[in-house]
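2 protein chains.
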Amino acid sequence: MDDVRVCFVGDSFVAGVGDSEFLGWTGRLAAGVSETALTAYNLGVRRQTSSDIRGRWRNECAQRLPADVDRRVVFSFGVNDTTVEGDGPRVDPEVSVENLAAILAECAASGWRALVVGPPPIDDVDQNARTAALDRRFAAVCRSAGVAYVPVVDALVADPVWMQQVRDGDGAHPDSGGYRALAELVRPTWEKWTAHPASPEREAAAPRTPES
Amino acid sequence: MDDVRVCFVGDSFVAGVGDSEFLGWTGRLAAGVSETALTAYNLGVRRQTSSDIRGRWRNECAQRLPADVDRRVVFSFGVNDTTVEGDGPRVDPEVSVENLAAILAECAASGWRALVVGPPPIDDVDQNARTAALDRRFAAVCRSAGVAYVPVVDALVADPVWMQQVRDGDGAHPDSGGYRALAELVRPTWEKWTAHPASPEREAAAPRTPES
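Protein chains in written order, with this note's numbering: chain X, 43 to 254; chain R, 43 to 254.
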C-alpha cells in the first residue's frame, strides 16, 4: 500500500471556511480514498492571494513531504486575487498567471506531482466575471505545464446549493452542502490522479523508522 | 461574534493520522464550537519532534494569525521525542522540556494565547512510560508559564477504545473512536479556553476588508 502524502495549498476555500462539519472539499476528497494510505495536509489560509501563497507554500510543503513517500500537492487559489481593493484587483491577472506558472515550475523541480483546482464563484456577479476570466488563463497555464486542472466556476455558478449557501453565509463561503458539491466536481480527476502510480523520479524508499 | 483563529500545532496525532473520517481530535473540537466564528488551522506533521516543531511553528502561525483577530495556538507533541532510535530517544527529555518552554515564551511574546495537550500513549509499554514521565514535566513547564495543560496519557492508557484502535491500526494511531475519546478529554478545558474573552493585549480591530 503506497504511502501517499498530499498537501492542499491555497485560500479560505481550501481551509473550508464556513463548513460547520469542518471537512471542506479537501476533507471530503481525502475521506473517499480507501485503497491507499493517504495523509492529507490542509494548508489553506484565509485572505491569501497567489502572491501570498507563492511566498510560503514551498517551505510548508517541504516540512510535510519527506523523500521516501509519494509526494503530491493540490493548489487552489484566485478568488482573493480578483477582489477589488481601491482602484483594482488585489493582484493583477498578469501577476496571478505568473505566480501560478512559477509555483508549478517549483513544484515540478521538487519532484512533487501537482493538481490545480480553479477558483469558485461568490455572491458578486462582477467578481465572478473576473474569476471566470482568470480561470481560463489558469487552465492555459496548467495545459502548458502538463498539470491537470479542474475548472469549477461555471458549474458552481449554476449550482443552486453552492450559490444559496454562499448567500446565506458571509457572501463568499458556503456551508457543508456547497463544499460537498465542489468536492464532487473535483472527485473524478482526483481519483484518477491519486490512482496514478508514483512518478518515475520518485526516490528509492529509505529504511522505515518507527513513526507516530 | 468574535473572529477567533486557532492553529493546532504538533505531530501526527494533531494531523489525525489513522482517522478514516479525517477529523481527528482537532476537527471534533472545532466542530463543537457554535457561539464564535472559529477558524481552525491544522498544523500537525507526521514524525515531527518538539525540535522539528520549534523550528517551523512560528512562521506557519504568523501566516495564519493576522493582528485584527483573536489569535490562539494549541500545541501537542512529545510522542516522537520519546521514540527510541539507536542508543536513546529521538530527543532527550531535557531538550523536549527546553523546546516547550521556548515555544511558549515565543507564543506569549507574539500575543497569541496558548493551550497545551499532552502526548498520548501508543502500543508500547516502555515508550508509554517515557511519555508519561515527559507528560509530568510538560505539565510543570505549563504551570510555570501560566498556560493551561491537558494531560491525556493516563486516561488513554485506560481507555479500551483508544488502545484497541491503536493495536488494530499501525500501533501508534487510532481510528475515529480513539480520536473522539481524546477530543472528549480535551473538550472541557477547550470550552473554557475558547469562551474566555480575547486577551487585553489584543490590538484594536483594523478596518475590515472583503475576504474570502
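Because the hints were derived from the structure by calculation, they are not lab data. In this text the structure is predicted, and so the values were computed from the model without any measurement. Misleading hints may appear alongside valid ones.
Said to hold, decoys possible - Partner residues aside, some chain X positions facing chain R, computed with beta carbon under 8 Å:
no., residue
1, ALA57
2, VAL59
3, SER62
4, ASN84
5, ARG88
6, GLU102
7, ARG106
8, LEU107
9, ALA109
10, LYS234
11, TRP235
12, ALA237
What the hints assert, rightly or not - What follows is a list of derived Cβ distance ranges for each label pair:
no., chain 1, residue 1, chain 2, residue 2, range
13, X, ASP110, R, GLY97, 18 to 24 Å
14, X, ASP210, R, ASP134, 52 to 58 Å
15, X, ASP210, R, GLU127, 35 to 41 Å
16, R, ASP44, X, ASP44, 48 to 54 Å
17, X, GLU140, R, ASP110, 28 to 34 Å
To be verified - One-sided excerpt, in silico: chain X residues whose CB lies under 7 Å from chain R:
no., residue
18, ALA72
19, GLN105
20, VAL189
21, TYR191
Built from N, CA and C at the ideal position, the CB exists for glycine as well.
Against the structure, the hints:
1. Interface hint status for X:ALA57: upheld, as the beta-carbon distance to the closest one in chain R is roughly 7 Å, under 8 Å.
2. The closest approach between the C-beta of X:VAL59 and any C-beta of chain R is roughly 6 Å, which is under the 8 Å cut-off, so the hint is satisfied.
3. Checking X:SER62 against chain R by beta carbon gives a least distance of about 7 Å; that is within 8 Å, so the hint holds.
4. Interface restraint check: X:ASN84 against chain R, minimum CB-CB distance 6 Å, threshold 8 Å, status holds.
5. Checking X:ARG88 against chain R by beta carbon gives a least distance of about 6 Å; that is within 8 Å, so the hint holds.
6. Against a cut-off of 8 Å between C-beta atoms, the interface hint on X:GLU102 holds, since the closest Cβ of chain R lies about 6 Å away.
7. For the restraint placing X:ARG106 at the interface with chain R, the shortest Cβ-Cβ distance is roughly 5 Å, inside the 8 Å limit, so the hint holds.
8. With a cut of 8 Å, the hint placing X:LEU107 at the interface with chain R is violated, because the nearest CB-to-CB distance is about 10 Å.
9. Hint status for X:ALA109: violated, given a least beta-carbon distance of 12 Å to chain R, over 8 Å.
10. The interface hint given for X:LYS234 is broken, as the beta carbon of that residue sits about 20 Å from the closest beta carbon of chain R, more than 8 Å.
11. Using the Cβ-Cβ criterion of 8 Å, the hint placing X:TRP235 at the interface with chain R is not satisfied: the shortest such distance is roughly 18 Å.
12. Against a cut-off of 8 Å between C-beta atoms, the interface hint on X:ALA237 is violated, since the closest Cβ of chain R lies about 19 Å away.
13. Roughly 20 Å separates the CB atoms of X:ASP110 and R:GLY97, a value that falls within the hinted 18 to 24 Å.
14. Separation of X:ASP210 from R:ASP134 is about 53 Å and conforms to the stated range, judged on CB atoms against 52 to 58 Å.
15. Under the hint 35 to 41 Å, the C-beta atoms of X:ASP210 and R:GLU127, about 52 Å apart, miss the expected range.
16. Between R:ASP44 and X:ASP44 the C-beta distance comes to about 42 Å, which lies outside the given range of 48 to 54 Å.
17. As the Cβ distance of X:GLU140 to R:ASP110 is approximately 29 Å, the hint placing it in 28 to 34 Å holds.
18. Using the Cβ-Cβ criterion of 7 Å, the hint placing X:ALA72 at the interface with chain R is satisfied: the shortest such distance is roughly 5 Å.
19. For the restraint placing X:GLN105 at the interface with chain R, the shortest Cβ-Cβ distance is roughly 5 Å, inside the 7 Å limit, so the hint holds.
20. With 7 Å as the threshold, the beta carbon of X:VAL189 stays out of range of chain R, its nearest partner Cβ sitting at about 23 Å, so the hint is violated.
21. Hint on X:TYR191 is violated. Least Cβ distance to chain R is approximately 20 Å, over the 7 Å limit.
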